[in-house]
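Chains as they are written, first to last, in our numbering: chain R, 1 to 109; chain C, 1 to 115.
Hint data in this document are derived by calculation from the structure and do not stem from the laboratory. Being a predicted model, the structure only gives us computed values, none of them experimental. Please note that a few of the clues may not be correct.
Derived coverage of chain R by chain C (criterion: at least 3 residues anywhere in the stretch with Cβ under 8 angstroms from a Cβ of chain C; other residues may be distant) [said to hold, decoys possible]:
hint : stretch
1    : 44–57
2    : 98–105
Taking lysine-lysine pairs in the DSS-like style, the calculated list, with each CA pair at most 30 angstroms apart, reads [what the hints assert, rightly or not]:
hint : chain 1 : residue 1 : chain 2 : residue 2
3    : R       : Lys42     : R       : Lys79
4    : R       : Lys79     : C       : Lys13
5    : R       : Lys96     : R       : Lys42
6    : R       : Lys45     : R       : Lys79
7    : C       : Lys13     : R       : Lys45
8    : R       : Lys2      : R       : Lys42
A virtual CB, placed ideally from N, CA and C, is assigned to each residue, including glycine.
Letter by letter, the chains look like this.
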Amino acid sequence: RKEVEQDPGPFNVPEGATVAFNCTYSNSASQSFFWYRQDCRKEPKLLMSVYSSGNEDGRFTAQLNRASQYISLLIRDSKLSDSATYLCVVNGGSDKIIFGKGTRLHILP
Amino acid sequence: ETGVTQSPTHLIKTRGQQVTLRCSSQSGHNTVSWYQQALGQGPQFIFQYYREEENGRGNFPPRFSGLQFPNYSSELNVNALELDDSALYLCASSFTAGANWNGYTFGSGTRLTVV
Chain R
1 RKEVEQDPGP FNVPEGATVA FNCTYSNSAS QSFFWYRQDC RKEPKLLMSV YSSGNEDGRF
61 TAQLNRASQY ISLLIRDSKL SDSATYLCVV NGGSDKIIFG KGTRLHILP
Chain C
1 ETGVTQSPTH LIKTRGQQVT LRCSSQSGHN TVSWYQQALG QGPQFIFQYY REEENGRGNF
61 PPRFSGLQFP NYSSELNVNA LELDDSALYL CASSFTAGAN WNGYTFGSGT RLTVV
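Between the sequences and the hints, there should be enough to build the whole structure, so can you do that?
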């Protein structure tokens, strides 16, 4: 099992729809979790941290399920500008930061 | 507050050559990590520098080496370039205090093409 796995997509979603994708991790001792967004040919940028209690930032909701070892990202009322690759990042402890390969999202007009 | 800057932005090298990539970390950050991102892949961890010493290394051969300077800026050196070294090289700075890590700030990357 890979350390961090994501469905590569692409997810093609009409504007205004809700989309969700997950990321699974193999190390049960992983300490912290993040979602990064990466636009084409740009650097990754922090979208949001993922807390045990779940957290919401506007249209974005992130959740952590430690028992099943996955994190999720939900985007409501999707906008054309949400089109990007979403990278799951897991801090496995001992400074071992691992990126998933990313999930590509295309919002269709 | 300045962000993370990398230079050069683009580079073309010939197989077998050597290359040096540079990174200035964000103000207040003391740790620099380097990642290689091939097309269509997630960033792969090369190594990390903290207090001018290598503090963790990914699955990369010794021809990938680095330095961190007292001002926390960093260099990535790659010797004997191979075609597969063509990728986007990302520098990420962060602040390390004990076991706490609050995420990276990435530079815009150096796109290296080896021909």
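Do the hints match the structure? See the list:
1. Coverage of the stretch 44–57 of chain R by chain C holds. Counting CB-CB distances below 8 angstroms, 4 residues qualify, and the rule asks for three or more.
2. Counting residues of the stretch 98–105 of chain R whose beta carbon lies closer than 8 angstroms to any beta carbon of chain C gives 5, which reaches the threshold of three, so the coverage claim holds.
3. For the suggested pair Lys42 of chain R and Lys79 of chain R, the alpha carbons sit about 19 angstroms apart, so the restraint of at most 30 angstroms is met.
4. Of the pairs offered as hints, the one joining Lys79 of chain R and Lys13 of chain C is violated, with about 40 angstroms between alpha carbons and a cut-off of 30 angstroms exceeded.
5. Under the criterion of a C-alpha separation no larger than 30 angstroms, the hint pairing Lys96 of chain R with Lys42 of chain R is consistent with the structure, at around 23 angstroms.
6. For the proposed pair Lys45 of chain R and Lys79 of chain R, the alpha carbon gap of about 18 angstroms is at most 30 angstroms, so the pair holds.
7. At roughly 28 angstroms between alpha-carbon atoms, Lys13 of chain C and Lys45 of chain R fall within 30 angstroms of each other, so this suggested pair holds.
8. Distance restraint check for Lys2 of chain R and Lys42 of chain R: the Cα-Cα separation of roughly 25 angstroms lies within the 30 angstroms cut-off, and the hinted pair is therefore satisfied.
The structure shown violates just one earlier hint, number 4.
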